[in-house]
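Q: Kindly generate the complete structure, drawing on both the sequences and the hints.
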Amino acid sequence: MHVSSILFCDACWADLPRIEKDAKEKLPKHVDRLHAGFAFHEAGITREIVHAMKFDGHTSLVPKMVDFLVRTLPSGFIDSDDILTPVPLHWLRHGDRSYNQSMLLCQELSKRTGLEVQVLLKRVKNTPAQSGQGFRQRAENVRNAFRYSHKGETPKSVLLVDDVVTTGATVAECARVLKESGIAEVRVLAFARAE
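The sequence shown lines up with residues 19 to 213 when you count with our numbering.
Please note that the accuracy of each hint is not assured.
Here are the simulated BS3-like cross-link-like pairs (lysine-lysine), alpha carbons at most 25 Å apart as the crow flies [as the list claims (entries may be wrong)]: (1) K140 / K197; (2) K174 / K197; (3) K82 / K129.
Label pairs and their calculated CB-CB ranges [claimed, not checked]: (4) Q136 / S116: 40 to 46 Å; (5) R130 / N162: 42 to 48 Å; (6) K174 / A29: 28 to 34 Å; (7) S98 / A29: 31 to 37 Å; (8) E198 / V88: 29 to 35 Å.
Think of the hints as simulated: they come from the structure by calculation, not from any bench. Don't be surprised by glycine CBs; every beta carbon is placed ideally from N, CA and C.
A: So, in structure tokens, the structure goes:
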């Protein structure tokens, strides 16, 4: 039996609290558009799924997460010229976890959409864990934490992929660096968003 079936039954997946409208009035700075499929609450099935994948090593959940996320995509959100890029982890955190959950989501999204994955950013500052912090503290933590690291041709439009958008501070800082590097449009795609 597949571990995602053991951890979460079909009814659990069906109970994911879908976000019906994209955030338009509260977009993080430098982000052109943001779509998150599901609401992330402190006590809820979305949080349990994300934490099982992210912290407990249940990466086999990723295909089902992407399957459900793709079902929520609004028409026209993805363009055939888009490049998928993950929010990067610092190498120390990547070493602790042995994978970047955002990269796993990118790779699975690439299988579903045919879009290319490129690592455009490097995390150059090992920031403290962000959970439990407000927007200002998170924004301060991630200020200058990312550097554009891509050596090839600069893409025109990017889908920045993350597992959860909480305050938007991390994706805002990533988007700032991407735009300063010449990328015209940065859209954020996340499995979940804190509400």
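Q: Cβ-Cβ distance between R130 and N162: within 42 to 48 Å?
A: Violated, since R130 and N162 (Cβ atoms, about 34 Å apart) do not stay within the stated range.
Q: Does the Cβ distance between E198 and V88 fall inside 29 to 35 Å?
A: 30 Å, holds
Q: Does the Cβ-Cβ separation between S98 and A29 fall within 31 to 37 Å?
A: Once the Cβ atoms are compared, 35 Å apart, the range 31 to 37 Å for A29 and S98 holds.
Q: For a C-alpha distance cap of 25 Å, please report whether K82 and K129 respect it.
A: 13 Å, holds
Q: How does the Cβ-Cβ distance of K174 and A29 compare with 28 to 34 Å: does it lie in that range?
A: 42 Å, violated
Q: Do the alpha carbons of K174 and K197 lie within 25 Å of each other, as the hint requires?
A: This hinted pair holds, its Cα atoms lying about 10 Å apart.
Q: Would you say the C-beta atoms of Q136 and S116 sit inside 40 to 46 Å of each other?
A: At roughly 22 Å between Cβ atoms, S116 and Q136 fall outside 40 to 46 Å, so the hint is violated.
Q: Given the hint that K140 pairs with K197, does the C-alpha gap stay at or below 25 Å?
A: 15 Å, holds
When held up to the earlier numbered hints, the structure conflicts with 4, 5, 6 and fits the remainder.
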